[in-house]
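Enquirer: Residue strings, one per chain:
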Amino acid sequence: MTATGAHPAIRAIGLRKSYGEQVVLDGIDLEINEGTVFALLGPNGAGKTTTVHILSTLIAADGGDAQVAGCDVGRDPNGVRAAIGVTGQFSAVDKFLTGEENLVLMADLRHLGKVEGRRRAAELLDRFDLVDAARKPVSTWSGGMQRRLDLAMTLVGDPRIIFLDEPTAGLDPRSRRTMWQVIRDLVNVGVTIFLTTQYLEEADRLAGRVAVLDHGRLVAEGTPSELKRLVPGGHIRLEFADTGEMDKAARRFPGASRDDESLALLVPSDGGVGSLRSLLDQLEDASIDVDGLSVRTPNLDDVFLSLTGTPDSRKGAA
Amino acid sequence: MTAWPHVLSDSATMLRRNLRHMQRYPSMTLMNAGLPVVLLLLFVYVFGGTLGAGLGGVSVGRQAYVAYVVPGILLMTVAVGATGTAISIAMDLTEGIVARFRTMAISRASVLTGHVVGSVIQTALALAVVMVVALLIGFRPTTGPLAWVTAAALLALTTLAVTWLSVALGMSTRSVETASNLPMFLVLLLFLGSGFVPTETMPDGLRWFAENQPFTPIIETLRGLLLGTPIGDSGVIAVAWCAAISLVGFLWARKLYERDPAHR
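As you go down the protein sequences, you meet chains P and D in turn. Note that our numbering has the first sequence beginning at 1, numbered continuously upward. Note that our numbering has the second sequence beginning at 1, numbered continuously upward.
It is possible that part of the hints are untrue.
[To be verified] Examples of chain D residues toward chain P, derived with CB under 10 Å: (1) 9; (2) 98; (3) 100; (4) 105; (5) 110.
[Said to hold, decoys possible] Just so you have them, the derived chain D footprint on chain P, three or more residues with Cβ under 8 Å: (6) 55–62; (7) 91–105.
Treat the hints as calculated values from the structure; they're not laboratory data. All figures in this text were calculated on a predicted structure; none of them were measured in a lab. Backbone N, C-alpha and C fix where the C-beta goes; we use that ideal spot for every residue, glycine too.
Based on the sequences and whatever the hints tell you, model everything.
Expert: This is the structure we're talking about:
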C-alpha cells in the first residue's frame with residue numbers, strides 16, 4: 001500500500017460478499033484519501049451498493065478488512081457510524097413527518113441539543129431550498145425535493161465521510177446540477193466523498209479518482225484522464241466533396257487514416273481546442289476545402305464499454 | 001458491542017417519532033378502539049341474550065354476558081392493536097429511513113423500543129375507550145381499586161408481550177400485506193379460549209387446548225380482578241406466559257433487526 005502521507009479515509013483489502021451461490025464482491029481493494037471524491041463506477045448489479053453497504057456497516061462482509069475513518073467496520077461499527085453519513089438510492093426520509101421534523105429527528109439522534117438542532121435544521125432547509133415546504137409532510141413532496149432532503153439529513157451531523165449511492169439516479173437535470181454543486185462544496189470543506197454512479201459524466205465531472213467495478217471485481221482504477229487514456233480512438237473527422245481535396249489533406253496529415261467510401265479522413269487528436277485550432281490553421285495554409293468536420297473524443301463511455309464489455313444500459317437515460 | 005450511552009434519549013426520540021405518526025394519521029388508533037367496540041356491542045346485543053342464557057351461573061341473561069365477555073373483549077383490543085403494530089413496523093422497514101438509522105451511531109434497540117412503547121400507548125388508549133363503552137352498557141366491576149390497578153397492570157404486561165411478538169412478526173416479513181395478516185392468529189386464538197364462552201362447553205380436545213393456551217389464564221385472572229371470580233394459579237401462569245412471550249418476541253425482533261437487509 002502506498003499511502004502518500006495523508007491518512008486514508010477509507011481503506012479496504014480483499015472485501016468479499018456472496019449471497020448463496022451468487023458472488024457479489026470478489027476481493028475489492030480500495031484506498032481513498034481524506035478530502036477527495038472517489039467514484040465507483042459500474043453497471044447495474046456490479047456490486048456498487050453492496051460495497052457501500054459494507055463500508056457503511058449496514059451489512060457484514062464475508063471476508064476481507066475495511067477501515068473507515070480509522071475504525072474497523074466489523075469491530076468498531078459505532079466508531080464508523082459516528083464519522084459517516086449515507087445517502088442511498090432510495091429516499092431515506094420519514095414520509096409521515098414534515099421536512100423540518102425529519103431534520104430535527106436527525107439532530108436529536110446526533111445529540112446536537114435542542115437549540116443547535118433547530119438552528120442546523122433551519123440552515124439546511126435554507127441551503128437546499130426547502131424552506132417553503134418545510135412544514136408540509138414529506139409524502140406530499142416531489143421526488144427531487146425528497147432527495148434533497150435526504151442529503152440534507154445526511155449532513156446534519158457534519159460527517160467527515162459521506163457515502164452517496166447513486167445520488168442523482170432519476171433526478172431531473174436541474175436537481176442533478178444542484179446535487180453536483182453540493183458535492184463540490186462539501187469537498188471544499190474537506191469532506192471525503194465516496195460516490196457510486198452509473199453516469200459516466202458524473203464520475204468524470206466530480207471525482208478525482210474513479211474505479212470501475214464489474215461483476216464484483218475492480219477492472220480499472222485511476223484519474224478520469226488516466227482511464228480515458230486506456231482507450232484509443234480520439235480523432236477529428238474531416239469530410240470532403242471529392243477525392244482530390246482528400247488526397248491533398250492526406251498528404252498534409254500523414255498519420256491520418258482514410259475512409260475512401262465516405263470520403264473522410266480521421267486525424268488522430270486529443271480533441272482539445274488547441275489541436276483543433278492548429279488543424280484548422282494547417283487546412284487554411286494548404287487551402288484545402290473541407291465539407292464537414294466533427295470531433296470525437298474518448299470518454300468514460302468508451303472506457304466503460306471496453307473494460308466491462310457491456311454497453312451501459314442507462315446511457316440513453318443520461 | 002459496547003454499551004452506547006444514549007439508549008434512553010435515542011429511544012425517547014424514536015418514541016416521539018412514532019407518536020407523531022399516530023397523531024398525524026389517527027385512523028389506525030381509531031380502528032384499534034373501534035373494532036373491539038363493535039365486537040363488544042355485537043356480542044352483547046346480538047349473541048348476548050342466547051350466550052348469556054347458557055352461562056349456567058347464578059346470574060344469567062344479557063347483563064351477565066356483558067360481565068362475562070368484557071375481559072375477552074379487552075384482550076381482543078390488545079390483539080387488534082398488535083395487527084397495527086405489525087403493519088407499522090413492516091411499513092417502516094420498507095422505507096429507507098430504517099436503513100439510515102442502521103448507519104447512524106444510535107442505540108440499536110431504540111428503533112424497536114420506540115415502536116413498542118408507542119404501540120403500548122396506542123393500545124392503552126384503545127383499552128380506555130373500550131372500558132368506557134363497557135361501563136356505559138352496564139359492565140360493573142365488583143372489586144376494589146387495588147384489584148383494578150392490578151388488572152390494568154396485567155393488561156399492560158399482556159400488551160407489552162403481544163406487542164414485542166407482533167414487532168417480530170411484522171419484521172419477519174418483507175411485505176406490509178403479509179404483515180397485516182400475521183397477528184390474525186392472535187384474534188383466532190382468543191376465540192379458542194375462555195373469553196367468549198366457558199371452556200366447559202367445548203369438546204374434550206378443544207377444551208384441553210382452550211384451557212392451556214396463554215390467553216385463557218390471562219382472561220381468568222382479569223375476570224377475577226374485575227369481578228371477584230376465583231383466580232387460583234391463573235395469575236402466576238398469566239404472568240409467566242407474558243414474560244415468556246415478551247422475551248421470545250424481544251429476542252426474535254432483535255435478531256431480525258441485526259440481520260443483513262435483504263439483498264435486492
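Enquirer: All the hints need checking, so say for each whether the structure fits it.
Expert: Do the hints match the structure? See the list:
The restraint placing residue 9 of chain D at the interface with chain P holds, with a minimum CB-CB distance near 7 Å, inside the 10 Å limit. Residue-level restraint check for residue 98 of chain D holds (minimum Cβ-Cβ distance to chain P is 8 Å; threshold 10 Å). Satisfaction of the interface hint for residue 100 of chain D is found here, the shortest Cβ-Cβ separation to chain P being roughly 4 Å, below the 10 Å cut-off. Proximity of residue 105 of chain D to chain P holds as hinted, the smallest CB-CB distance being about 4 Å (cut-off 10 Å).
Evaluation of the residue 110 of chain D hint against chain P yields a held restraint, the C-beta minimum of about 8 Å falling below 10 Å. Only residues whose C-beta sits within less than 8 Å of a C-beta in chain D count toward coverage, and the segment 55–62 of chain P has 5 of them, enough to reach three; the restraint holds. Residue count for the segment 91–105 of chain P with a Cβ under 8 Å from a Cβ of chain D: 9. That meets the three needed, and the coverage hint holds.
No hint from the list above goes unmet by this structure.
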